[in-house]
Amino acid sequence: MKKAIQFGAGNIGRGFIGYLLNKSGYKLVFADVFDSVIDEINNQKEYTIHIKDVETEEIKVKDVSAVNSTTDKIIDEIAESSIITTAVGPLNLSKIAGQIAKGIAKRYKENSNEYLNLIACENAIKASDTLKENVYKYLSDEEKKYADKYIGFPNCSVDRIVPPSTNENPLDVTVENYYEWNVEKDEFKGEIPEIYGMNLVDNLLAYIERKLFTLNTGHASTAYLGSLHGYSTIDEAINDKDIENQVRLIMQESGKALIEKFGFDKDKHFAYIEKIINRFKNPYLKDDVKRVGREPIRKLSENERFIKPLNTALSYNLPVDNLIIGTAAALHFENESDNQAVSLQEKIKTQGLKETIKEITNIKDDSLIERIEKEYNKLSK
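Each residue of the sequence shown is one higher than the one before, starting from 1 at the first, in my numbering.
The hints are simulated quantities; they were obtained by calculation from the structure and are not laboratory data. Just to be clear, a hint being listed does not mean it is correct.
Claimed, not checked - Mimicking DSSO-like on lysine-lysine, the simulated pairs with C-alpha atoms at most 27 Å apart in a straight line are:
(1) Lys95 / Lys27
(2) Lys211 / Lys23
(3) Lys52 / Lys268
(4) Lys268 / Lys211
(5) Lys3 / Lys137
(6) Lys185 / Lys23
(7) Lys308 / Lys275
(8) Lys144 / Lys185
Starting from the given sequences, assemble the full structure and let the hints guide the process.
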């Protein structure tokens, strides 16, 4: 039986990617830093995925194990694996790179000619490229040559809403029925593995930006507008007609940019927007606006869900009035338990709104910054 390692044993790791690898017949090993989760997985060796949607279903994931990713055990696991996936958060890829490099170095030392593919399943553009860049920092020149031949880093886009859940079993996960996992076909090394639910694509960028500009932009907009209006969950926020209409307009503006860039069919893409809005309305998920809105500084960076579609739309001389409203709402986000949210508000307070916008968005156009400031002030009222 081939072995797969899933870095990150959180809700996404267990409820999405890990499940697909397990269903595909891999011996699944979770790698995490929390001993309580690791011990629970090793004690139970199984958990249940609760699909909560129009139709409900329960799926057992069996015969799983876990190791602490900071120990030498993970190096041995990497040396024996044929695929590695991650769901640790984009900012944590650099933290796991050193251990992954040690595993690759061990494969080189043992003269392994088995191929290994690493897929970073994160909410970020070309996350596997980021992982590769960090891993290569720890490899010698000879190990890099070995990795160039035997280690693949296919990029992907992932889409499934997996909110925190309070199940009787702490390992169980609640998810929506819908999911999408698109992986770039040409970046695999060796024979492409057959994995249930994995969609191989040629033009991954179109899928990445379709998801980023639509689901991610819409989800974050709902969270930030919902937070401003005092709502606790995404479904509560999107059921406010004013917020629903505003989020729809934001996604339609980002959608028009996608249509220009990739030649998407307008009617199909706008129907895709409506499908996503209906996903936000799922009453079973109870996804916290504070969770969805976390890390606002990252989400306001130039290659992320507000500024990237805004700049893309502007490059085609398309209107961005509503994307500016979404951006302004993000700048208002407050959450005392989120370091980035606290830092964002401190920056606005100490260096002013305009300088904060320049710093975190890398927007150079003063007139665009003034438009964002204007909408920010309107939302303040």
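Hints, one by one, checked against the model:
no.	hint	in the structure
1	Lys95 / Lys27	holds (24 Å)
2	Lys211 / Lys23	holds (25 Å)
3	Lys52 / Lys268	holds (26 Å)
4	Lys268 / Lys211	holds (14 Å)
5	Lys3 / Lys137	holds (25 Å)
6	Lys185 / Lys23	holds (21 Å)
7	Lys308 / Lys275	holds (22 Å)
8	Lys144 / Lys185	holds (22 Å)
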